[in-house]
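Colleague: Residue strings, one per chain:
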Amino acid sequence: MNFQRVFSLVEKDLKRMIREPATLFLIILFPVILTIAFGVSFGAIGGTQSTTYQLGVVNMDIAGPYQQWSQHFIGNLTDTEILKIQDYSSNETGQADLIQGKIQALLLIPEDFGQSCDSFWNAPTDPSLWVNTTLTLYLDSGSMFATQAIPPIIQEVLVATVYGTQPVPVPRPIQIGSPSLVQASKLTAFDYMAPGIFAYSAIFLTMTVAQSFTTDRENGLLRRINTTPTTSSEFMTGQAVSNMFAALIQVALVFAMAYVVGYRPNVNAATFTLAFVIMSIFALCNVGFGLITATLAKSSGAATGLAFIFIIPQMFLGTFVGAALSPSAQAAGKFVPSYYVTDALTSLFLRGAPVSSPKILLDLLVVSISSVIALLSGILLFRKYGKT
Amino acid sequence: MNETAIVIDKLTKKFEDVTAVDGLSLEVEKGELFGLLGPNGAGKTTTINVLCCIFEPTSGSVSVGGYDVRREPENVKELIGVCPQDTAVFSYLTGRENIELFGNLHTMPKEKLKKNTDELLERMGLSEDAKRRVGKYSGGMRRRINLIMALVHDPEIAFLDEPTVGMDPQSRRAVWDFIKDLKKQNKTVILTTHFMEEAEELCDRVGIIDYGKLIALGAPEQLKAKFGAKNLEEVFIQLTGRRIREEL
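Protein sequences appear in the order of chains A and B.
Our numbering applies: residue 1 is where the first sequence begins, and numbers increase by one.
Our numbering applies: residue 1 is where the second sequence begins, and numbers increase by one.
Here chain A stands alone, though its shape is the one from the complex (with noise of 0.2 angstroms):
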């Protein structure tokens, strides 16, 4: 391998991503504008003034022994300043309310809540002895932020109230702590959703490395370069080592974007230094999904096309978007890295995990596997099929 070309290869990418207007918007103005963007509309702005939600409730867990955990977990949810608690008797003048559009979304407190609860604490370690139950949760299909916004706040009001605020890598009971330490109240919409914004503006590199290869491609570059000793291997580290730089740009422009307009996560060096880790592997992997758009694309303007078969579900299955989705779409969302990038994400920021957490490390693995395969794959098919 020699660095003089790569070095050089690496420069004239950089220079790209600079100067091309269209490649310049999508790497560096788009997450701007995104994490501006979101962070005005999620309440990010000013630090302290929030957006509020409009959440009926309907407990039926309101007689027998348990019934302060499903009270607990009210004054949780009223709390956090987001969400305005609306109390309704029944399911049904709930959802006449929420087809009107006077709440946004309608959450049922199962009758069976506080034993559900109150299993897990009796017996932390022995799941079959636990009473399982569901909340359910009726949204307002026509409100887009409140879709998005709400279920990823209940889902965290909901963990902070049976689990407690300590970090909880695994199913380890014994660092539970107790449910009325709930942080959530400090928290914004845009917290919630932060850590996918991050990964989310990360998937457009697929476009961008795509629509580079193909129009080096159809402008004959390609072929010129391999008229020079330039080597496979030193061609492909160099587009790898633009588009990791790339994404570090972007990531340190969206978490500086976001802090401008108000995010305050509480984490130290070693948290910023991993989440960095993450989406620098997480961009070899977009660049993989380019090369690989880039094969099957017979143009710049079709690959432009293609690339949102990786985007699309990247985005809707994997990021903040994720959260209000179906519990199959939810489930789905397993099978695509930028899932485990904002999980690890969100565990380092939101949850206060610590970088050496069996669940952020088995994030990081599954999303370097997700990468090697990609990137591994776009080379081999690119070198393959994809150079003339």
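All the pointers check out, no bait thrown in.
Simulated crosslink set (SDA-like; lysine to any residue; CA at most 25 angstroms straight-line): (1) B:Lys114 - B:Tyr137; (2) B:Lys14 - A:Asn226; (3) B:Lys136 - A:Ala22; (4) B:Lys230 - B:Gly241; (5) B:Lys136 - A:Leu222; (6) B:Lys115 - B:Leu79; (7) B:Lys112 - A:Asn2; (8) B:Lys112 - A:Phe7; (9) A:Lys15 - B:Lys115; (10) B:Lys184 - B:Val7; (11) A:Lys15 - B:Pro109; (12) B:Lys131 - A:Gly220; (13) B:Lys131 - A:Gln4; (14) B:Lys114 - B:Asp181; (15) A:Lys298 - A:Asn226; (16) A:Lys384 - B:Asp68; (17) B:Lys131 - A:Val10; (18) A:Lys384 - B:Arg70; (19) A:Lys298 - B:Lys14; (20) B:Lys14 - A:Leu221; (21) B:Lys112 - A:Met1; (22) B:Lys114 - B:Lys184; (23) B:Lys14 - A:Glu218.
Now the stretches of chain A that chain B is said to cover, found in silico as 3 or more residues with beta-carbon under 8 angstroms: (24) 14-26; (25) 218-230.
In silico contact screen, one side only, chain A against chain B (beta carbon under 7 angstroms); selected entries: (26) Asn2; (27) Gln4; (28) Arg5; (29) Ser8.
To be clear, the hints were calculated from the coordinates, so they are not data collected in a lab.
Predicted model only: the values in this text are computed from it and were never measured.
Where a beta carbon is used, it is the ideal one built from N, C-alpha and C, also for glycine.
Dock chain B against the given chain A, drawing on the hints supplied.
Modeller: Relative to the frame of chain A, chain B by itself:
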């Protein structure tokens, strides 16, 4: 490097059921300026692409600078410089950056790269525009940059595929002078062109190919004498005009 720069022996190149080059045999001496002529679709560019290791031969053998293009492409690529028929430049880079990129891909030392770049830009009249992005260049300027990119690393063997297409007469003359200088430096040059005047002016020998086969080979003067023609264009028309007549 051997005294024979290029040896093509019974080269055939097929694309599915189309035979682009059909049993071509040819030798080019070191320091020779060889013209490869032929009508559109005759197989000139395919032959060049095989010589540059872009396409693998379907059959036959090809060696460039003593290295087999199939077995030793890395060695071949160290020796050659390729100016493609269609201008292949990075429009978002400046003229200088395009040239330096290809110099770096040939791992040129930094100082020599700068010296060669400055000289070539000066000779091609592009010094003042070197810092402008190529996307803003005129067609003729892009073609000149295209040529410089092929030659900046001082290759032993240069493949120039229709290097003067789209150039104004002054630029074309400048490129001719430049190509003549390459010959003076004992470089081997393979030139494809549709301009018979250009081939007559520059080439030591020309090979005319049609339907992928070599149909004439010799110095321009020899061919003119052999076919009783006033110039090379007449020779070319005599040998290849039939295709156009048939198509009409």
